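*Asks:* Full structure from sequences and hints, please.
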Amino acid sequence: MTDILNAFVLLANFVLIPGLAYGSQLALGALGVTMVYSVLRFSNFAHGELMSFGAMFCVLITWGLQSAGISIAPLPTALLALPAAILLTIALALITDKLVFSYYRHQRSETVTYLIVSVGVMFFIGGLIRFIIGPDDRVFADGERFLLKARTFKDATGLSEGLAIKTSQGVTIMLAFMVVAALFWFLNRTKTGKSMRAYSDNEDLALLSGINPERVVMITWMITGALAALAGTLYGLDKSYKPFTYLSLLLPIFASAIVGGVGSPVGAIAGGYVIAFSELLVTFAYKKVISYLTFEQVVPEGLVQLLSTDYKIAVSFVILLIVLLIKPTGLFSGKTI
Amino acid sequence: MAYLSGANMTGGYGDADILHDCTIGVERGEIAVVVGPNGAGKSTAMKAVFGMLPLREGAVMLDGEDITALMPQERVFKGMGFVPQTQNVFPGLSVLENLEMGAFIRDDDISETLEQVFQLFPILAEKAEQPAGELSGGQRQQVAVARALMTRPKVLMLDEPTAGVSPIVMDELFDRIIEVARTGIAILMVEQNAKQALSIADKGFVLVQGQNRYTDTGAALLADNDVRKAFLGG
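Respectively, the protein sequence lines represent chains X and L. Residue numbering for the first sequence follows the working numbering, beginning at 1 and increasing consecutively. Residue numbering for the second sequence follows the working numbering, beginning at 338 and increasing consecutively.
Read the hints as simulated data drawn from the structure, not as lab findings. No experiment lies behind these values; they were computed from the predicted model shown. Even glycine gets a Cβ: it sits at the ideal position worked out from N, Cα and C. There could be a bad hint or two in this list.
Each computed DMTMM-like pair below joins lysine to aspartate or glutamate, with the alpha-carbon atoms no more than 20 Å apart [what the hints assert, rightly or not]:
1) Lys191/X - Asp445/L
2) Lys191/X - Glu449/L
3) Lys191/X - Asp446/L
Under 8 Å between C-beta atoms, here's a sample of chain L residues computed to sit facing chain X [unchecked claim]:
4) Pro409
5) Pro421
6) Thr423
7) Gln424
8) Pro428
9) Leu430
10) Glu434
11) Ile442
12) Phe455
13) Pro459
14) Ile537
*Replies:* Below is the structure:
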């Protein structure tokens with residue numbers, strides 16, 4: 001019995017908790033991509049850098065607060081810096097729209113033009129970030145490191161496996177839950193939210209109903225900027241802030257959005273968790289779990305790891321391929337792309 | 338001059354004109370129907386009246402005011418409602434949300450209008466929470482008409498409201514349209530089912546190749562031998 005519990009705790013510690021946290025970060029990122037896709041009708045490749053931009057300002061403001069001696073321990077100071085970082089990211093999103101995307105909108109450009117333009121914006125923001133903060137790894141997490149320490153858990157339960165929950169993981173899951181709930185309330189219950197869904201559903205009819213497209217676009221960028229800054233900060237808090245990682249984060253984020261069903265907010269969230277858990281489950285070494293559940297004689301010598309963690313990024317690709325081959329509209333039947 | 342009129346309209350999408358000196362219009366509380374063979378420019382004439390087609394010549398007047406230069410959205414604020422032929426609902430939104438979006442420009446209480454619309458189309462009250470995209474063709478057309486009524490328009494323009502629905506549903510829709518007209522709303526519509534449409538019309542316009550061929554009351558057009566032979570199948 002204890003062996004089964006030990007196996008379960010082991011999985012919870014290395015798969016369930018990290019998966020929930022990473023999945024929430026991907027879900028928030030994918031929600032941003034989905035918002036832009038369903039209202040502005042293009043895949044925004046600059047979204048990863050937008051996340052990075054928000055996280056960068058959060059790092060800078062956190063440093064400022066830390067040197068001023070302001071803290072909200074045991075919570076990380078970054079949470080205090082987050083609102084300002086969100087506002088700055090929203091400003092950047094609105095400025096890029098005004099200077100770049102609005103031109104193509106008035107030209108009624110093809111989707112693929114938008115896509116290429118967003119790649120340009122991606123490189124620009126990426127350069128801007130390296131110009132401001134440089135390419136190095138930055139640690140900005142402070143406060144209490146763990147909500148639940150492995151040792152405390154072991155002492156309390158008497159199990160030989162420990163369960164640890166990092167503060168950043170707890171904060172990520174909590175904040176993601178609250179923000180997603182608020183977003184869904186906004187989209188489904190408020191007049192402005194409904195008008196955004198209407199605009200995404202049928203642009204021409206929205207115009208005939210007197211819905212102002214410029215306002216819808218503006219609110220979309222505001223929500224996207226806020227989601228990006230939040231997702232970027234939470235990811236940086238969990239792992240550490242390094243500008244380069246946000247470029248490679250783009251693939252799992254797009255995979256999440258497509259797996260869930262492009263243009264479907266619920267799908268983006270589901271997709272985020274599917275991708276996160278797949279990555280962790282495929283790269284987890286099962287040897288110890290097997291040793292808990294079976295006899296010593298049958299435990300294999302290797303690590304029983306399906307894929308080295310170096311190939312983690314390939315998992316999103318494979319899932320993406322499978323979904324596009326079997327159910328191109330995604331789990332929650334978004335638009336086919 | 339009629340309450341709503343598009344007079345001597347000439348224009349098209351590119352260099353070639355589709356409408357040539359075409360005139361259509363409607364009075365308050367009346368039903369005017371635009372009929373004609375395929376490609377006669379019926380839908381184009383409607384779009385021109387609603388400002389979705391640039392006019393080279395001619396003018397659109399609403400209640401004595403020249404609205405030729407207004408954008409379609411601005412015409413909505415002036416009291417015009419338009420039901421496009423296709424893609425005339427928000428498929429992902431519930432029926433109720435569709436109606437709420439129809440009333441988007443209103444800041445006052447819409448519950449009374451909602452009640453009137455539900456009285457007119459009882460089936461919509463039943464399906465209020467269902468996504469409009471899941472409804473049958475006839476029910477979807479009712480949503481489309483109801484959505485346009487939510488602004489309490491003075492003029493309602495319908496582009497082939499009975500396209501793709503069964504004859505029974507068509508009769509029912511026509512009954513509803515007559516009821517709407519009785520409340521004092523001017524109705525201008527394009528119809529493929531010319532005979533039935535003219536039988537409920539106060540006024541009929543027969544268009545051929547973007548020009549007015551016959552203009553008279555609905556009854557007179559139905560009785561006209563030439564019109565019957567050429568456009569109504571004998």
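*Asks:* Could you check if Phe455/L really has its C-beta closer than 8 Å to a C-beta on chain X?
*Replies:* Result: violated, 19 Å to nearest chain X Cβ.
*Asks:* With a cut-off of 20 Å on the C-alpha distance, tell me whether Lys191/X and Asp446/L pass.
*Replies:* At roughly 13 Å apart (the allowed maximum being 20 Å), Asp446/L and Lys191/X satisfy the hint.
*Asks:* Given the proposed pairing of Lys191/X with Glu449/L, does the C-alpha separation stay at or below 20 Å?
*Replies:* holds (18 Å)
*Asks:* Under the criterion of a CB-CB separation shorter than 8 Å, is Gln424/L in contact with chain X as hinted?
*Replies:* Since the shortest Cβ distance to chain X is 6 Å, the answer is holds.
*Asks:* Given Pro421/L was flagged as interface, is its beta-carbon under 8 Å from a beta-carbon of chain X?
*Replies:* holds (7 Å)
*Asks:* With 8 Å as the cut and Cβ atoms as the points, is Pro409/L at the interface with chain X?
*Replies:* Holds. Min distance 6 Å.
*Asks:* Closer than 8 Å between Cβ atoms is the bar; does Thr423/L clear it against chain X? Give me holds or violated.
*Replies:* violated (10 Å)
*Asks:* Please work out if Lys191/X and Asp445/L have their alpha carbons no farther apart than 20 Å.
*Replies:* Given pair Lys191/X, Asp445/L holds - Cα atoms ~13 Å apart, limit 20 Å.
*Asks:* Tell me if Leu430/L is really an interface residue toward chain X, meaning its C-beta lies closer than 8 Å to one of theirs.
*Replies:* Hint holds; Leu430/L Cβ to chain X Cβ min 6 Å, cut 8 Å.
*Asks:* Under the criterion of a CB-CB separation shorter than 8 Å, is Ile442/L in contact with chain X as hinted?
*Replies:* holds (4 Å)
*Asks:* Does the closest beta carbon of chain X sit nearer than 8 Å to the beta carbon of Pro459/L?
*Replies:* violated (23 Å)
*Asks:* Please check whether Pro428/L passes as an interface residue: C-beta within 8 Å of a C-beta belonging to chain X.
*Replies:* holds (6 Å)
Hints 6, 12, 13 and 14, counting from the list given before, are not met by this structure.
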